[in-house]
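Undergrad: Numbering of the sequence shown is given in my numbering, commencing with residue 1 and proceeding in unit increments.
It is possible that some hints are incorrect.
[To be verified] Within a straight-line C-alpha distance of at most 30 Å, the following computed BS3-like cross-link-like pairs (lysine-lysine) qualify:
1. K22 with K97
2. K16 with K68
3. K22 with K64
4. K64 with K25
[What the hints assert, rightly or not] Derived DEER-like restraints, expressed as beta-carbon distance ranges:
5. N59 with D106: 29 to 39 Å
6. H117 with S76: 28 to 38 Å
7. H113 with T79: 30 to 40 Å
These aren't lab readings, by the way, just hints derived from the structure by calculation.
Backbone N, C-alpha and C define an ideal beta-carbon position, used for all residues, glycine too.
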Amino acid sequence: MIEAISCGGVVIFRGKILLLYKNYKNKYEGWVLPKGTVEHGEEFKETAAREVLEETGVNASIIKYIGKSQYSFNISEDTVEKEVHWYLMMSDSYYSKPQREEYFTDSGYYKFHEAFHLLKFSNEKQ
């Protein structure tokens with residue numbers, strides 16, 4: 001078993017939530033929240049802010065820690081147990097630019113009920 005820790009942001013602007021659309025070689029496709037792996041020596045809130053900026057181009061400010069989600073998935077002959085720490089964050093505009101290098105092809109701000117239905121993974125809906 002492999003343990004992994006990531007951090008991400010629920011980025012809000014004018015009551016709407018920022019989502020990213022990921023399409024990885026048509027194997028992994030859907031709307032997700034921005035998140036990523038904690039780098040050595042990095043605090044969780046630093047990871048969340050860095051990942052939001054890298055994946056969306058949004059320089060969001062952290063409002064507060066809102067909890068963690070956990071899930072597991074299989075990779076070649078092993079299981080990854082993942083823990084994601086989430087932060088509520090505020091943007092100052094509707095601007096976003098999805099990071100193409102990470103297979104993000106679209107991004108946008110959605111009303112809560114729209115975001116809830118669009119999100120691919122149930123652990124991100126918590």
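Undergrad: Which hint numbers doesn't this structure obey?
TA: Of the numbered hints given earlier, those the structure breaks are 4, 5, listed in rising order.
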